[in-house]
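Chains W and D supply the protein sequences, listed in that same order.
Just so we're aligned, residue 1 is where the first sequence starts under the numbering used here, counting upward by one.
Just so we're aligned, residue 1 is where the second sequence starts under the numbering used here, counting upward by one.
Simulated from the structure, these hints should not be mistaken for laboratory data.
Among the hints, erroneous ones may be present.
It does not matter which identical chain is used: a pair holds within one copy or between any two.
[To be verified] Distance condition first, Cα-Cα at most 27 Å in a straight line; then the derived DSSO-like pairs of lysine-lysine:
{"#": "1", "residue 1": "K49", "residue 2": "K5"}
{"#": "2", "residue 1": "K49", "residue 2": "K20"}
{"#": "3", "residue 1": "K64", "residue 2": "K49"}
{"#": "4", "residue 1": "K64", "residue 2": "K3"}
{"#": "5", "residue 1": "K49", "residue 2": "K3"}
{"#": "6", "residue 1": "K20", "residue 2": "K41"}
{"#": "7", "residue 1": "K3", "residue 2": "K20"}
Spelled out from the first residue to the last, the chains are:
Number of protein chains: 2
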Amino acid sequence: MYKVKVYVTLRESVLDPQGKAVTHSLHALNYTEVTDVRIGKYMELTIEKSDRNINEIVEEMAAKLLTNPVIEDYRYEVEEVVPQ
Amino acid sequence: MYKVKVYVTLRESVLDPQGKAVTHSLHALNYTEVTDVRIGKYMELTIEKSDRNINEIVEEMAAKLLTNPVIEDYRYEVEEVVPQ
């Protein structure tokens, strides 16, 4: 069994209104040292072992469903979990 | 300057309808080896140095604005960035 962590971020060139809103709210709370906030997604997938390579599966799923390659970048980590 | 990465996840006991929806969509695409998906948030903050301890600032912001401590857990990483 694998635990896969996927981090999805907006590409640098894409505006992040949600991040801007959080920056403004932090300034309103007097955290003026915060100069930028970018907000992305974090996904944890539990995947059973199969015949296919785990990296191949994750990259295919990311391209098809988990991310929008036009505006988002992603990276992922695979951890093998051995059931006790 | 600091780059702070904050990972926010729903607590184990909290239902994650968005994750369930993604699991169903992956099954519909024939990725039946995926047994669970949990979806959280990933934030990248840029913070200028100040008199206050960076961990203290981040934990205070997390409690006040960035997370909902009733239903969410979080962890964070601080990276010091030296301008070139």
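Hints, one by one, checked against the model:
1. K49 <-> K5: Close inside one copy (16 Å), not across copies (30 Å); limit 27 Å.
2. K49 <-> K20: between (40 Å within a copy, 20 Å between copies)
3. K64 <-> K49: within (20 Å within a copy, 40 Å between copies)
4. K64 <-> K3: within (19 Å within a copy, 30 Å between copies)
5. K49 <-> K3: within (11 Å within a copy, 35 Å between copies)
6. K20 <-> K41: Answer is both; intra-copy 16 Å and inter-copy 15 Å each pass.
7. K3 <-> K20: between (32 Å within a copy, 16 Å between copies)
Taken one by one, the earlier hints all hold for this structure without exception.
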